[in-house]
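In the order they appear, the protein sequences are chains A and B.
Residue 359 is where the first sequence ends in this note's numbering, and the numbering goes up by one at each step.
Residue 1539 is where the second sequence ends in this note's numbering, and the numbering goes up by one at each step.
Source of the hints: derived by calculation from the structure; they are not laboratory data.
What you are looking at is a predicted structure, and each value in this text was computed from that prediction instead of being measured.
Some hints could be false.
As the list claims (entries may be wrong) - Coverage of chain B stretches by chain A, computed from C-beta distances (three or more under 8 Å per stretch; other residues unrestricted):
| # | segment |
| --- | --- |
| 1 | 1100-1109 |
| 2 | 1517-1523 |
As the list claims (entries may be wrong) - Here are the simulated DSBU-like pairs of lysine-lysine, each with C-alpha atoms no more than 35 Å apart in a straight line:
| # | chain 1 | residue 1 | chain 2 | residue 2 |
| --- | --- | --- | --- | --- |
| 3 | A | Lys47 | A | Lys317 |
| 4 | B | Lys1159 | A | Lys352 |
| 5 | A | Lys352 | B | Lys1535 |
| 6 | B | Lys1529 | A | Lys226 |
| 7 | A | Lys249 | A | Lys226 |
| 8 | B | Lys1529 | A | Lys230 |
| 9 | B | Lys1417 | A | Lys230 |
| 10 | B | Lys1128 | B | Lys1159 |
| 11 | A | Lys230 | B | Lys1181 |
What the hints assert, rightly or not - Part of the chain A face toward chain B, derived, beta carbon under 8 Å:
| # | residue |
| --- | --- |
| 12 | Leu156 |
| 13 | Leu174 |
| 14 | Phe189 |
| 15 | Phe211 |
| 16 | Ser316 |
| 17 | Ile318 |
The C-beta atom is built at its ideal place from N, Cα and C for all residues, glycine as well.
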Amino acid sequence: MTALPHSFAPRRGFQRRCESTIAWVFRAATYAILLSGVFVIGNICLKGLPAVTNSFRSLEQFPYVTNTFLFEAPESLYVFEQDGVKREMGDKEYRSYREAETARATAEGRPVPEFKAASYVYAAGGIWPCIVGTVLLVLGAMTIALLLGVSSAIFLSEYARDSVFVRFIRLAILNLAGVPSIVFGLFGFAMFVLFFDWNVSLMAGWFTLAFMVLPVVITASEEALKAVPKGFREGSLALGATKWQTIRKNVLPYALPGILTSSILGIARVAGETAPIMFTAAYVVRDKLPWEVSKFGDFFFQGVMALPYHIYVVSSKIPQNEYTQGVQYGTAFVFLGLVALIAGSSILLRNKLRGRYQW
Amino acid sequence: MPPESTETSVVDSTATSFRIQKERTQFLGLTWDECIQWFFGGNALVAVIILGLITFFLFREGSSFFGQNRDNITIYRLAGLEYVDLGRQQEKDHAALSRYLADVRLRTHQYYTVQVGLPAKEASARLKEFDLYAERFARASASIREQLSELSELATDIKARHLENQNLAEKRRQLLAAGKKDEAAAVEILPIDFPVEVAVITSTLPAYAEASASFSKSLEELVAAPPALPDPELSARLGRFQELTRAFIASFPETLASMQSWDATVPVPLSQSFSAFIFGRQWLTASFWQDWYGAMPLIAGSMLVSLIALVLAVPLGVGAAIYVNQLASPVEQRVIKPAIEFISAIPSVVLGFFGIAVLGEFLRIASGWSFLSWVPGFPFAERLNALTAGCLLGLIAVPTIFTLAEDAINNVPRAFKEASYALGASRLQTIIRIIVPASLSGIVSAILLGLGRVIGETMVVLLCAGNRIAIPDFTAGLGVVTQPVHTMTGIIAQEMGEVEPGGIHYRALFVVGLLLFFIALILNYFAQKIVRKYKVSIG
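In isolation and in its complexed conformation, chain B is listed as follows:
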């Protein structure tokens, strides 16, 4: 066939150019196949890009928080709020002592009614002397209280004017940006001379010292003559009260000295803004006095809830993994594994709802049962607390821990187990001495990843943890688990919708998010590192 022969001759004549090469189209200097490879490679980069973007945006939105917080603290100092707070701390301490006294009264009343068997009226009559004493004690602070409320008004006024000025400056800036020069010039800003204004506040120090002296004198009189109480245990409490009050009186000169040496012009370093966030014990927003963005209550809450969850989930998850992998029959294995995986598919918001509707109420009722009264913290009144959230988070962490731990146990070489049996070890000895130690690295990393899951969980803690922003009272011992808490994830979910973008509160939430992000990354890092470093391999 002539046409064919001509074509082969063409190919033969140019031996270097195969047909397959001729058809290669070039696109930007790349062959079609290389283009495809680059396309897929680019897609693979998406994960890196996303991680970078998350970091970038969290930093972008969060980083200026520390500057803003510094301004926030600077104003607190410049306007004299810090000075007034030194005095107000005394007032607060005094109020706490009054509360202590009220607690003693309640106990005495109970003693009269329950142990002596008096009717309530009679008990109150016997407490008349005590009530008079408590009232005198409460009134002792009247002299400083008056002064402090005046000072508070002065300080808030300075702060309010400063904030007004800031708003006006912003308005002027906007008008200028819009090109309305005349209107911008018409915006009148009255500058505040902080040292002069604050001098008004600090000049009251001698008067305050006088009031403070009379306060301490009346306290001393009161401490010297406490009312008599019928029971040694109650008397001991009163003794403790005297001790506390004496310590309180002893702190007076110190407070006065710090008020004396207080200086509004001391600049606030950026490090203080940083430590006020990380170690701050108050998260107080939209307050008329002073906003605080301290992450400690949130971190403590997150830790407490996660700890409860892990205490529940680790024994259950690891135990179940050992059981399913080593002890269960094949039928059980086939059923249990998917069933536990199925639990992990229960959406967290449904679990949160379950906590509100069923578990919280159940735990509250159960805490009232008399045979459970030995449990620390029982009975409790709030149905939404760290324990409720912790139980549900435990259920969320169990499938993660179970799946990963089961994998780790499954990866232990068969020979280990067989050698152990051959040496005459029983099944349990093999599990505890051979299987678990060999897979320990995997189990630990499973627990770390479970912890990461729990710390990052939002809906359950938002719905069930009680949302009280305060550091849980760890002096209650184990009973701390029944206190309501707020968490890092919960605060973001709760407040993000209500804040104004760009404001300090908005940025504070982003810094909390950044903190969460890094906690997750660190946990992930350690989980991987532990697996790699301590992996037991054969040979």
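The following block holds chain A by itself, in its conformation from the complex:
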């Protein structure tokens, strides 16, 4: 047994072993979380990526290349055997193929071939209307939420003093943050869809989502406003500016990056929620794109397809097999990519800003 180098050197013993074991248990817990997260994301990316990469098609005119999965509407998939060859076709292609074959058969005087196709709804084509719908929903909801949320935060951080009224408002915001999303969905359905008679529409979805994300925006904006040093305000007020001038010229500009970056997390939440739009804004399927409306007013009162709802539909309403797997994983992948892009950019921006704004 070698002598210890000095009296404070770590000693081997039961206690120390115990200690390092427990530290390893904590480490294992941390990495278990990370691994399961990575596994979920990795699995969906690996199986979903082919759906996107395999559907690039060349075009005759300008962009010369397109992606049928990203930029086409969903169709039914038909799987059938013809002359011993197994074929898979989308709805339109299948119909024209059938007509062509029938015409050829009658021209050649053969009996008309029989078509026995198994069909899978939504399994062919792409998800373009869902992407458009999600983007529209997010844009509208965030506009409303930012307008309401930032003004609310300005009041709480700049004007409010500690009074019963303000404490009541803070309590309401805290509680609003804990309300389950499905309850927002119910509320939106009862108020906007039925009581205001807006039907299933973009407007109803916007307000429901905006109300849901409001606490996130308020809290984030208030933190950003509070981070602006007091000296900025005092200096401005001392020079004779009014309160509003101070806020507009000397507080908001410095808080704005913080407000926007933190609100991006709100965007990720808005984009990711399904329950609130299930009965307020989302259609299972819609042929027209949102801008194909007869008059401008109709734009706000139309339902849209949305990515999260589409994932719900394709994963619960159609069977799981080799033909439907593509659209299921592909949609989940595109959606996850979209949300990850938003959330990732928010985290990156925040880290960057933390370094820049230090006063």
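Got chain A; can you put chain B on it based on the hints?
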């Protein structure tokens, strides 16, 4: 310069009016700045207004449910369905006993084929006597079954006519509202005299009592002479069967007495409508017999799934928070924190899809592995069950618990830790004895908020929990986790799209939403209260 001098002289002459005051425009008696302040204050009120609106609309849509449910139960009683159900309960109990017998048969067959090694045909031949016995047992209820099916038809007929009348009354009301008086008068409603109609049903009681007596007699005969079984364990099961059957026979007079004393005219109190919702064990809609709106299966399902999620998420989340804050290197800290926050950004519907496509199937296969057979509930057949949903909900709760718990640990004053080290405590002792107790209030509130997140989560449970509306069978011990369940959030999402607005079913869903809303508020309240009350502060 003369012009300037004149202006200053004006200012000087009226010393009280500064230029800055002169320019203040007034709008509704408020200065511009005050207007802005009120505008922002009004916006801040939005949160309060929204919370109020949510409460108001949930109440508005949900409150009349209890009245409608009372009507629903009243009709159940008036039309005699309740009376028939008293008898039908006997039939159901008997069917359950028959199932028990079938289970014993299956086990005996297995015993013959597996332990004795007989071919299946031979085993069946040996069970011939048992089969005859089971058949006689199943046929014993024939006498009451016939009567009951006749009574059922009578009762459903009364109910159907009543519903038809309600529809006609509604039609008449609409016609009157539209101003078509003649057409409204032409709508013919045949009133139902409930006591007379129900008397037809209740008058069969003597005949039913007779049938019931013969039923009980044949059961007694059967119980007295059970078939012989080859194995003591199987015989013990048969003994249990005899016991159960005797208890069943003993309940006959009681059933008859309750049928005797049953009275259609007893009014249904509103409290019964309330308790039928909260404690009702059945959620049965669009049924031809009687709809029940009992929230117990949904509450039990939600609780079970949340419990599984918390059992997984609390150790992981709190452990990770301790590790990241106290043990990890700075590089690890910088990477792990955003990574876990990133997990919270995975949309729940994607996780739900992952559960359907990967996790459910994996768990089902894993449950069949022989080295895991000691786990309660394994193996299981349904890939979508409480466990699958619970695992994914755990992943949803982990980032919430982690972030808040990490914050709480971070807020423990540095001096605590340093003092502990100075006294010679090791790192682990410091963590377990000092850091965790000091931040316990924050950790507990993190767990409560995580629970709130989990209970309110919709898409994962809708996709992965199996959606079977029944109270999970808690007699299975821990194995209950592998049963499919339905949850409060799931039922709203699943049925809201299909119900007719204003109907009782629609209102029932709103009451479930109201329940969820209050659960969320209560959890939030306690989370805040715990933080405020038990906060450890320096000095």
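Results of checking the hints against the structure:
{"no.": "1", "hint": "1100-1109", "verdict": "violated (count 0)"}
{"no.": "2", "hint": "1517-1523", "verdict": "holds (count 4)"}
{"no.": "3", "hint": "A:Lys47 with A:Lys317", "verdict": "holds, 20 Å"}
{"no.": "4", "hint": "B:Lys1159 with A:Lys352", "verdict": "violated, 70 Å"}
{"no.": "5", "hint": "A:Lys352 with B:Lys1535", "verdict": "holds, 33 Å"}
{"no.": "6", "hint": "B:Lys1529 with A:Lys226", "verdict": "holds, 25 Å"}
{"no.": "7", "hint": "A:Lys249 with A:Lys226", "verdict": "holds, 15 Å"}
{"no.": "8", "hint": "B:Lys1529 with A:Lys230", "verdict": "holds, 31 Å"}
{"no.": "9", "hint": "B:Lys1417 with A:Lys230", "verdict": "holds, 32 Å"}
{"no.": "10", "hint": "B:Lys1128 with B:Lys1159", "verdict": "violated, 45 Å"}
{"no.": "11", "hint": "A:Lys230 with B:Lys1181", "verdict": "violated, 74 Å"}
{"no.": "12", "hint": "Leu156", "verdict": "holds, 6 Å"}
{"no.": "13", "hint": "Leu174", "verdict": "holds, 7 Å"}
{"no.": "14", "hint": "Phe189", "verdict": "holds, 7 Å"}
{"no.": "15", "hint": "Phe211", "verdict": "holds, 5 Å"}
{"no.": "16", "hint": "Ser316", "verdict": "holds, 6 Å"}
{"no.": "17", "hint": "Ile318", "verdict": "violated, 11 Å"}
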